[in-house]
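Quick one: dock chain against chain with the hints and give me the complex.
The chain contents come next:
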Amino acid sequence: MSDTYQTPRVPPIDQVGIEERAGRFKTRSIKKAAKKAGLNLAITMVDLTTLAGMDTPGKVRMLCRKARLPSQTLDTPKVAAVCVYPSMVPIAVEELEGTGINIASVATYFPSGQSSLEGRLADTREAVEAGANEIDMVINRGAFLAGEYVRVFDEICAVREACGDAHLKVILETGELETYDNVRLASQIAIDAGAHFIKTSTGKVKPAATMPVTLVMLQTIRDHFLKTGEMVGMKPAGGIRDAKLALRYLAMVKETLGDAWLSNEWFRFGASSLLNDLLMQLEKLESGRYHSSRYLSIS
Amino acid sequence: MKDLLFGDMWGYDPAPQGTDFVELDERYGHFIDGEFVIPEESEFFPSINPATEEPIAQVAAATEETVDKAVQAARKAYEKYWKKTKPAERAKYIYRIARMMQEKARELAVVETMDGGKPIRESRDVDVPLAAAHFFHYAGWADKLEYAFPGAQVSPIGVAGQIIPWNFPLLMAAWKIAPALATGNTIVIKPAETTPLTAMLLAEIIQEADLPPGVVNFVNGAGATGAAIVNHDDVDKIAFTGSTAVGKLIQRQLAGTDKRLTLELGGKGANIIFDDAPIDQAVEGIVNGIFFNQGHVCCAGSRLLVQENIHDEVIDKLKRRMSTLRVGDPLDKNTDIGAINSLEQLNRIQELIGAGMEEGAQMHQPDCDVPETGYFLQPTIFTDVTPSHRIAQEEIFGPVLSVLTFRTPDEAIEKANNTFYGLANGIWTDKGSKLFRVAGALKSGVVWGNTYNKFDPASPFGGYKESGFGREGGRHGLMPYLKLS
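These protein sequence lines are chains A and B, in that order. Here the first sequence stands for residues -12 to 286, where the numbers follow the numbering used here. Here the second sequence stands for residues 21 to 505, where the numbers follow the numbering used here.
Please keep in mind that the hints were generated in silico from the structure rather than gathered at the bench. Please read all numbers here as calculations on a predicted model, not as lab measurements. All residues carry an ideal CB built from backbone N, CA and C; glycine is no exception. Please note: incorrect hints may appear among the correct ones.
Among the chain A residues that face chain B by a calculated CB cut under 10 Å, a handful are [stated by the list, open to error]: (1) Val3; (2) Phe212; (3) Gly216.
Chain B regions said to be covered by chain A (calculated; three or more residues, Cβ under 8 Å) [what the hints assert, rightly or not]: (4) 29 to 38; (5) 289 to 296.
List time: in silico DSBU-like cross-link candidates among lysine-lysine, alpha-carbon distance up to 35 Å [what the hints assert, rightly or not]: (6) B/Lys279 / B/Lys463; (7) A/Lys231 / A/Lys22; (8) A/Lys231 / B/Lys106; (9) B/Lys279 / A/Lys193; (10) A/Lys271 / A/Lys19; (11) B/Lys353 / A/Lys231; (12) B/Lys279 / A/Lys13; (13) A/Lys22 / B/Lys474; (14) B/Lys339 / A/Lys19; (15) A/Lys23 / B/Lys353; (16) B/Lys353 / A/Lys271; (17) A/Lys65 / B/Lys353; (18) A/Lys18 / B/Lys339; (19) B/Lys353 / A/Lys22; (20) A/Lys214 / B/Lys435; (21) A/Lys23 / B/Lys22; (22) A/Lys23 / B/Lys339; (23) A/Lys191 / A/Lys65; (24) B/Lys435 / A/Lys18; (25) B/Lys339 / A/Lys231; (26) B/Lys124 / A/Lys271; (27) B/Lys279 / A/Lys22; (28) B/Lys124 / A/Lys19; (29) B/Lys124 / A/Lys13; (30) B/Lys22 / A/Lys214; (31) A/Lys18 / B/Lys22.
Just chain B, same shape as in the assembly (with noise of 0.2 Å):
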């Protein structure tokens, strides 16, 4: 059998992104009041590239009395100026920063690929622009609330508490501010260790922005700090997104408290194909379903459920696809898939994938060349999985799937359902009426139609079951932060 070649007789050479304008401080603490702020007793941990394994930064792990003092500064701020100020007003603070980041877009985009390990395309075309869409967007609901919810009286809640993962940093950052400035609540909110770079830029832009101080607060910090704003007795209202196990702690140290909670946890999407799929726009639905962000997607598609007639095509265009897939320096712009995020996560996902292998799964991972410093891994996919298999239970977070077949409908929806999440599915059929029929029988928050990891600021977003509770996006997204009578 003849097959394609995908050689280097026409290889591209490096197209490095340059660093050399980007700004950094050796050591950051926290964002209070309005102030950078480093308390004299601060320990320091670093901030790993995780391409090079070189710290770029140290940053300043916040104690419990550190928190108090964010919260404290957010409370006055509420209380003095944001819950007066006028919608329209509220509104011009956001817009602002939206603008504020367009213009520091590459700066943006070059240290988030610095700090996480992810191709400067991605940050660059998804990361930073979606950011500054949400806030955007809900720069638009500020003055609108009334309108959002006919016949009910809106009022902010408080001071909100947040707390953001590591695989989009300056994304879920805007997440959670935006809609919670637009509905007129004060925040502290606590970046990931292993990623706070992006978010310390974006308290300069807040800074620079002339918002009230104490208005938003940043505090760094790993557990032990997230761990101080959920059980401060001066929060309202908590928003948490990352992991499955930290959501149900923080769920059970709330409970009894009257503390709103929005929780966004963990997901094992699937991507579902049907044998009259358009099949090559599947395969490249697969490809970013799986393999964006090397994986480090709550929403990724980890589960390929593919109709059992057309398994082994479209296994043969995965495979081909995956070969002209190029892992190698995050900053590169040809790069597709850049680093694992961090050393720990790379050894949880190489524990997973010898799970797989003890199991009987059949691996496959491309022949391509990975840099030998820094945190790589080859996107990797298990055939002959089945729903008991580890890998179709647990979430990886990286660029691995496991692929499982189905013959009907029927048992397409069993299987997607068979988990314990739910978050995100795709379904990939040239045929409108299964795809609604499919859609509204899965329990899952979002379900994408023939394309997959599509996101836009009007868009709800949120999960089912143990991917959490909260919706965050669009008209829905306000109501977390929104007292209704």
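So here's chain A without its partners, still in its complex pose (with noise of 0.2 Å):
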């Protein structure tokens, strides 16, 4: 146990405030060039995310070659990063040497998170071994909920450590933690012991990303930025699955910290059906029109 962490004081959130302020992100008219820059901007930032029992080497296969060339027909970016089970890492891996996407995997036995703290750290140091240069881990929100801040922070600096030179995402499960307050508690916990990134939900809890949270995990990082100027990335995840809603978050990114934010080297979005919206609207916008969903890949 760190016996000189104290648990941090964060100012309290106000339910009705925060809900109200992301809902004005909602009423930002995006449109014509805004919105072309915006739903390519938004495809650089996918974690393109297969996460599901019945995953298969032929499913991660196809998920990665969705990566590297999102459509068939339109001239788009590619995607961040591929997330997949440590033990899928090796095929993608595979499939993506030299293409610059990055490999994230969701270890310390997501999504409960419920073992001992040693079978997360091997879990950690597998996937990381098998080669994913991003780690996605869960918190131990019953030691959270517990109140054992200390032991939290603890847990994922030991993570931290684990990852070696990939990048850590810390997931809060936000719709477990309930409360805003907590959120913005976890969130400072989370950077206080080294998250790269802070992300809000597994995808296996409901409500999972929305975008009060995400406005608080965002204040907790531009609060945390103005005070020591290191930068902290923030990943909503789960529940984003249309073009849309991830110009609205993009908004709230762009007017909550600032132009630096908007890329995807601080800002990603965790989702498996997101990308087709994005490359339907796209369409959309070349050929004025929208086709069937027949003609886009699935993913």
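Right under this line is the structure:
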């Protein structure tokens, strides 16, 4: 146990106020050139994800090819990363070699994380050794809700160490933390423990990412930056399925953290079906009409 | 020190609201006895779009004679139809007006923005829906008046003369007309001379809703027209919203008569931020409190009282937030701050900004583009303000915030109450007991807790001290239009 880490003091969050502010970003009207730029930007930020018990090497190969070349007809950028279970990392490594696309893996016994710390660290090391250069870990929500904040901090520190050079994304599972005050505190603890990114959800719990929850996390990142000059990344995950919503998230990032965060180095979408809607909307901008989803490859 | 960059790496393209479906007349007169009329001898004045400086319509100024016709029409309608109309029947008319406002919401919002300069985002999301909500609310009260004041017999007063301001033209018309109709009164209402157009659209709605002729009459004009309403012998009640100076004049003129009077006047609201407040939401509340509708809000939170130990943090966050506000074309859906309502008002605001600087307060404005044509002003805050500064005392009625500090709750209460106004205040703290204690000690009609500028038809609104008397909204809002016996 860390004997120096103190539970951080974080400002309270007013539920009505944060939800109202998040709602304001929905009224931003993004059109024409701004829309095209935003859609392309969003593609570069996608962590294309498959996290199912029924995943097979074939499914992962398919996903990797989609990540490299999202569309047959449009000239689009490639996505930021492919996110898979540790057992699938070798397949992704094989498929993505030389593409510059990152390989993210959900370690620490995702999604519950309910196992011994040794087990979770071993899971992490295994994923890194297999070639993952980004690790998405889940925090110990049981410990957090029991008020054992120092333990949560220590565990994140240990996983960060086990990551070596790989980037660490810390999943708070905000749907289980329930209150915005908890989200703010958990975000601060994760940042203090050295998270490169903080992430909302596993996608296995509802509600997953929401705009107000993401805004609380962005504000934590902002305050940390203003205090220390260190940048931390943000990844909302789960439930972001359409382009319109993705653009609203980008507006929220732009007006909360500014231009520096409008890059996949600092902002990601954890999503699987978002990519196709982004492509569909780009196609619409090109041709003036929507085409059938049968023209898009499944992901 | 590193800071956030709010640059234009990913700028939003303009998103202008279309106006081609809006049909405005070149000239507007008055709506009297169910008809639109323009008297032959009329003098006209232009209604100017403050964002373009172009006149968008010519409006006739009503003389004493025209006002008299309107009052006579209202009197006749009162005696002949309206006081005999069954309450449930009155409710149907009011409900119909509300529904028709919703159907024409887009047109009302666009005209409100063109005529007054407020962002379309606000006229679309606040003014029009809230105006319709007031009609819905009072439609519900019309047949329940005897339950509103148990044990009392209620009856209408008669003919109500109503004078409304330019900052929320449609909403203020709704606040005035809906309760007066619900309680069985007839109406002569005068919109402000700089923003009469949505009232004319509302008159069209009232005509289409088939209200008996004369129940609601609109007369246009400036101060002289208002005076003719106030001084008319056959008006039973005056309801005025506007400046304190004019309110005092009206009160003097009515002294000794048996006309009833309600006044909703100026304000210099304090937004009190304690150090245990949810700071980011408080900053949002400060922005909403002073920059909503370009600060043309009588209950604007124009004095920020911030606890000394968090002053720098709050001001830093506020400045950063201000730099993301978009000032410009009010018809652009992305505009946060539109045009100042008139050149006269812009000059007055700038005069007070000058006074603030002369008296030694520190002025801050974000580095933002402002259109060259039109009456625009950057959002402005002053720090190092003391209660004796003019900018801490006088109502500026523009996007200008004065920042003062305090150290204890008692000092905050004392400073907040140190004004001749008493309309609205805001308190920001995470501690409920503190919120209720301070709220109870503030001399103002409205106190918002951890929010600001929230309105609801069910919630009464009105002032203490020189902010006026009488309440609008909710059950309380029925009282000024009823005789209780």
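Outcome of the hint check:
no.: 1; hint: Val3; in the structure: 6 Å, holds
no.: 2; hint: Phe212; in the structure: 7 Å, holds
no.: 3; hint: Gly216; in the structure: 5 Å, holds
no.: 4; hint: 29 to 38; in the structure: holds (count 6)
no.: 5; hint: 289 to 296; in the structure: violated (count 1)
no.: 6; hint: B/Lys279 / B/Lys463; in the structure: 27 Å, holds
no.: 7; hint: A/Lys231 / A/Lys22; in the structure: 9 Å, holds
no.: 8; hint: A/Lys231 / B/Lys106; in the structure: 50 Å, violated
no.: 9; hint: B/Lys279 / A/Lys193; in the structure: 61 Å, violated
no.: 10; hint: A/Lys271 / A/Lys19; in the structure: 11 Å, holds
no.: 11; hint: B/Lys353 / A/Lys231; in the structure: 16 Å, holds
no.: 12; hint: B/Lys279 / A/Lys13; in the structure: 48 Å, violated
no.: 13; hint: A/Lys22 / B/Lys474; in the structure: 33 Å, holds
no.: 14; hint: B/Lys339 / A/Lys19; in the structure: 30 Å, holds
no.: 15; hint: A/Lys23 / B/Lys353; in the structure: 18 Å, holds
no.: 16; hint: B/Lys353 / A/Lys271; in the structure: 22 Å, holds
no.: 17; hint: A/Lys65 / B/Lys353; in the structure: 32 Å, holds
no.: 18; hint: A/Lys18 / B/Lys339; in the structure: 28 Å, holds
no.: 19; hint: B/Lys353 / A/Lys22; in the structure: 15 Å, holds
no.: 20; hint: A/Lys214 / B/Lys435; in the structure: 32 Å, holds
no.: 21; hint: A/Lys23 / B/Lys22; in the structure: 30 Å, holds
no.: 22; hint: A/Lys23 / B/Lys339; in the structure: 30 Å, holds
no.: 23; hint: A/Lys191 / A/Lys65; in the structure: 26 Å, holds
no.: 24; hint: B/Lys435 / A/Lys18; in the structure: 47 Å, violated
no.: 25; hint: B/Lys339 / A/Lys231; in the structure: 29 Å, holds
no.: 26; hint: B/Lys124 / A/Lys271; in the structure: 31 Å, holds
no.: 27; hint: B/Lys279 / A/Lys22; in the structure: 59 Å, violated
no.: 28; hint: B/Lys124 / A/Lys19; in the structure: 28 Å, holds
no.: 29; hint: B/Lys124 / A/Lys13; in the structure: 23 Å, holds
no.: 30; hint: B/Lys22 / A/Lys214; in the structure: 9 Å, holds
no.: 31; hint: A/Lys18 / B/Lys22; in the structure: 32 Å, holds
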